[in-house]
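Each chain, letter by letter, is given below.
Protein chains: 4
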Amino acid sequence: MILNIDVQLAYQVTQRTDMLLQIEAADLDDQTPLESQLNMSGVTEVARVAADDGIGERVWISGDGVFRCDYAARVAIDRSETDLSALHGTAPHLLPAEAVRYLMPSRYCPSDEFQTFVAAEFGGLEGGARITAIRDWINSAFSYVPGVSNAQTTALDSFVQRQGICRDFAHVMVTLARASAIPARFASVYAPGVNPPDFHAVAEVFLEGNWHLVDATGMAAANEIARIGVGADAANVAFLNVFGQAGFVSQSVSIRTE
Amino acid sequence: MILNIDVQLAYQVTQRTDMLLQIEAADLDDQTPLESQLNMSGVTEVARVAADDGIGERVWISGDGVFRCDYAARVAIDRSETDLSALHGTAPHLLPAEAVRYLMPSRYCPSDEFQTFVAAEFGGLEGGARITAIRDWINSAFSYVPGVSNAQTTALDSFVQRQGICRDFAHVMVTLARASAIPARFASVYAPGVNPPDFHAVAEVFLEGNWHLVDATGMAAANEIARIGVGADAANVAFLNVFGQAGFVSQSVSIRTE
Amino acid sequence: MILNIDVQLAYQVTQRTDMLLQIEAADLDDQTPLESQLNMSGVTEVARVAADDGIGERVWISGDGVFRCDYAARVAIDRSETDLSALHGTAPHLLPAEAVRYLMPSRYCPSDEFQTFVAAEFGGLEGGARITAIRDWINSAFSYVPGVSNAQTTALDSFVQRQGICRDFAHVMVTLARASAIPARFASVYAPGVNPPDFHAVAEVFLEGNWHLVDATGMAAANEIARIGVGADAANVAFLNVFGQAGFVSQSVSIRTE
Amino acid sequence: MILNIDVQLAYQVTQRTDMLLQIEAADLDDQTPLESQLNMSGVTEVARVAADDGIGERVWISGDGVFRCDYAARVAIDRSETDLSALHGTAPHLLPAEAVRYLMPSRYCPSDEFQTFVAAEFGGLEGGARITAIRDWINSAFSYVPGVSNAQTTALDSFVQRQGICRDFAHVMVTLARASAIPARFASVYAPGVNPPDFHAVAEVFLEGNWHLVDATGMAAANEIARIGVGADAANVAFLNVFGQAGFVSQSVSIRTE
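Just so you know, the protein sequences line up as chains A, B, C and D, in that order.
Just so you know, we're using full-length UniProt numbering here: the first sequence kicks off at 1 and counts up by one.
Just so you know, we're using full-length UniProt numbering here: the second sequence kicks off at 1 and counts up by one.
Just so you know, we're using full-length UniProt numbering here: the third sequence kicks off at 1 and counts up by one.
Just so you know, we're using full-length UniProt numbering here: the fourth sequence kicks off at 1 and counts up by one.
In case anyone wonders, no lab produced these hints; they're calculated from the structure.
Among these hints, one or two may not hold up.
Partial chain C-side listing against chain A, Cβ under 8 angstroms, derived [what the hints assert, rightly or not]:
| hint | residue |
| --- | --- |
| 1 | D6 |
| 2 | F114 |
| 3 | L156 |
| 4 | F159 |
| 5 | Q163 |
Please read all numbers here as calculations on a predicted model, not as lab measurements.
All residues carry an ideal CB built from backbone N, CA and C; glycine is no exception.
Taking the hints into account, I'd like the entire structure generated from these sequences.
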């Protein structure tokens with residue numbers, strides 16, 4: 001499947017400000033940017049650095065006043081949908097070093113608080129069977145409601161309120177997986193079925209030696225997702241990280257499939 | 001300086017449980033384990049994996065019942081004390097990729113909430129001058145009080161309560177550095193001046209291209225600290241991470257200098 | 001039923017400190033102190049004031065050094081156990097003014113966060129049927145585990161962790177009742193079946209024009225409970241409120257039935 | 001001074017919903033409604049109950065669809081501005097029973113967390129001198145910034161973020177007063193100098209036997225404030241409490257002085 005991605009961002013800063021932009025689809029084994037253009041005005045690209053786990057890049061930009069970033073890309077997705085419920089968990093001592101840190105709690109995913117809950121609710125299941133049970137439980141118990149969460153909202157808040165947006169669904173998914181001793185990270189992605197169109201977020205879990213995409217909102221299938229970047233949670237893969245104050249001007253995201 | 005480290009841990013689990021142990025001083029340019037012995041009973045060492053940022057190792061252990069871990073080491077520290085206040089900050093776009101993620105908030109260090117505070121209190125200072133001003137402010141405004149904090153306590157709680165232990169001082173230090181756009185991570189360490197003797201924790205900040213140790217408690221100087229491991233915060237460098245329930249039996253830490 | 005209550009407290013302050021003591025069983029229609037003695041040493045009783053909702057009294061005491069409070073009482077309980085599930089809720093506009101404020105969230109009972117949860121889990125039930133369903137759910141989903149909660153623990157924390165002590169069970173009960181638009185308050189009480197013997201806490205809910213005791217721990221039946229005082233939550237009915245710092249020396253609570 | 005108050009609210013509910021409206025200036029010794037009209041459409045007034053501490057009234061309303069509430073009043077304020085800094089604190093044991101509960105923490109005012117901070121920052125001051133020092137500190141350290149706080153924001157969050165709106169300033173003021181063992185409550189009010197015009201909120205503190213208004217935003221002087229109601233914090237004096245879901249349609253508040 002090929003995704004056509006079009007993003008326009010416009011923001012405003014009132015003094016020279018450093019920012020970190022992370023909106024380009026990553027070049028990976030299972031997804032290939034065929035064409036890709038990032039055009040910016042009112043802002044300077046200063047440097048590029050590899051993003052977390054070597055997936056994608058972050059762009060340091062520096063601006064003063066209104067600036068715009070336009071990103072257009074065609075990305076080929078070559079990833080089959082896997083039946084997660086059939087996958088085994090990886091025994092802890094066989095986890096690669098870089099997966100181990102995704103067992104730990106993070107800013108928005110305080111998984112240390114949920115061990116009793118997962119043992120009680122999903123105790124009879126392990127590996128992929130537990131992951132799909134968690135995903136299905138979130139999907140049925142939670143409502144997708146824009147506007148009820150914000151930049152401070154954690155998985156703990158969302159778990160109590162039973163509502164939120166993709167970011168919140170992904171945080172709860174990641175949290176309950178980690179509480180189950182299954183490594184889980186947060187992925188910022190593009191996907192065609194998101195309504196209204198916007199940046200999307202899903203979880204990734206580590207089963208049978210590989211990372212697997214899981215979308216608890218049910219909006220996106222694994223074979224139609226283009227990853228931008230991954231990290232412990234939303235704190236690590238914001239599309240725009242501002243080291244100062246920035247004001248919103250406009251933003252649009254459009255994803256079409258060929 | 002040479003540190004003689006002696007640690008005895010005894011814990012208890014009621015069923016076979018996977019645990020991650022991280023108590024050995026790391027072998028690094030500025031610290032060298034001359035001798036090192038880790039003896040365990042009632043528990044099996046299953047695997048070793050590199051810890052975060054390649055500093056130190058984590059040991060997967062598996063136990064059932066009471067188990068003991070005894071660690072004895074002689075570690076040579078070869079690190080001069082630096083006058084941090086004279087160091088410049090590294091411009092964001094010159095930060096190495098692996099330092100960038102230490103600008104982001106984490107489980108116990110919600111630095112995103114403190115940008116207004118640091119701008120108001122330390123706005124006129126930058127780089128090492130800001131770091132030492134933050135360190136000195138924490139040192140004078142906070143009291144070292146065992147027992148008031150626990151495994152849920154964040155830097156936000158400690159900032160309000162103005163008290164805590166080394167872990168809490170380090171979390172506040174890390175948080176205010178990140179809110180100042182200076183990369184900061186949490187280091188689990190051994191140091192001789194800690195009273196009562198225990199595992200110790202300090203911050204590390206990135207200035208002029210290198211990581212520098214900062215102890216806001218004032219208990220340990222940089223030239224007498226042996227690092228065990230580093231991470232985003234205490235969640236990433238627990239000396240014992242239990243994937244299940246473990247009960248405390250006994251614990252002692254002794255550090256002598258030669 | 002007659003309860004024989006014996007309480008000994010010993011605490012220590014390092015300078016003259018004002019404290020509020022609230023440990024005496026209240027004199028009410030459905031419970032009568034037959035005998036009651038409060039003896040104190042090392043501390044002066046300075047004044048007595050009516051406690052919240054006119055139930056029981058608070059005693060202002062002032063001490064310096066170690067002090068002891070011994071309370072002994074025989075209290076006749078004359079209260080029948082009611083089948084709550086058969087009671088109707090009181091329509092909001094018929095609530096007495098003093099019940100209305102117990103619809104609102106409080107320090108440990110952020111009921112505003114739980115409206116979606118109660119609608120989803122208990123939406124088909126109202127009044128007493130909903131209250132008993134909530135009580136039974138808490139009783140089966142939560143474990144009574146001393147030591148996991150502390151003075152900062154809210155109903156939100158307990159809801160996530162699924163464990164705690166009587167105070168935590170009562171907070172969750174109060175929170176979910178208020179989120180259901182049923183007035184609920186927190187009662188500090190004595191009851192014989194508490195193990196180990198200690199101060200106990202239960203919820204009170206307002207149904208069919210009266211307050212009814214509900215113990216989600218299942219430890220105490222309504223007809224064997226002696227109320228000390230009531231309030232929005234544990235913040236309002238601490239047995240000892242210290243305006244300064246006090247250290248624990250010893251404490252014992254014994255309740256026998258005649 | 002005479003205030004002319006004009007309020008128009010329009011909200012929308014999608015099914016029959018009970019709501020509690022509290023927008024009328026209270027009739028008190030120091031403020032007298034000369035004229036007052038509350039007109040509503042699309043909603044029925046069902047009952048009136050006295051509000052907390054007998055100050056003002058709450059109106060139970062019931063609606064289905066869009067509803068409007070128009071409130072117009074002329075209120076004579078007869079209250080002199082007091083120099084709070086000269087007032088003594090009331091000794092705890094002389095506090096009236098109804099003031100004692102305003103020493104306790106509440107939903108948005110976790111004063112139990114701030115005892116160390118107030119002792120360190122304001123330890124040399126007591127009574128009115130401490131209150132004015134706290135007020136002046138908040139006024140200088142905090143910025144009035146709409147949009148950064150929401151219905152979950154507590155005084156702890158605001159204390160860290162150093163910004164917010166009148167509600168947040170009042171919560172911090174109340175919290176630091178209570179942490180100082182000075183009773184403090186939250187007052188929902190009308191005042192002419194609020195910009196943009198809106199409902200306003202201030203603190204009330206108990207000094208020398210009376211409640212005194214304190215506005216840490218500096219927007220309103222005590223002699224030009226009309227109180228609507230008081231309570232432990234904003235949870236108790238919302239202008240509209242919805243027992244279900246309501247959507248915002250429009251709202252305007254205008255205050256003129258004669």
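Interface hint compliance - Q163/C to chain A, C-beta minimum distance less than 8 angstroms: The hint holds - Q163/C has a Cβ within 8 angstroms of chain A, the shortest such distance being about 6 angstroms.
Is the interface hint for F159/C satisfied, with its Cβ closer than 8 angstroms to some Cβ of chain A? For F159/C, the interface hint holds, since the closest Cβ of chain A sits about 6 angstroms away, which is under 8 angstroms.
Return the status of the interface hint for D6/C: holds when the least beta-carbon distance to chain A is below 8 angstroms, violated otherwise. With a minimum Cβ separation of about 35 angstroms from chain A (threshold 8 angstroms), the hint on D6/C is violated.
Quick one, is the L156/C hint okay against chain A at 8 angstroms, beta carbons? 6 angstroms, holds
Hint check, F114/C versus chain A [nearest Cβ-Cβ separation less than 8 angstroms]: 6 angstroms, holds
Of the numbered hints listed earlier, the single one contradicted by the structure is hint 1.
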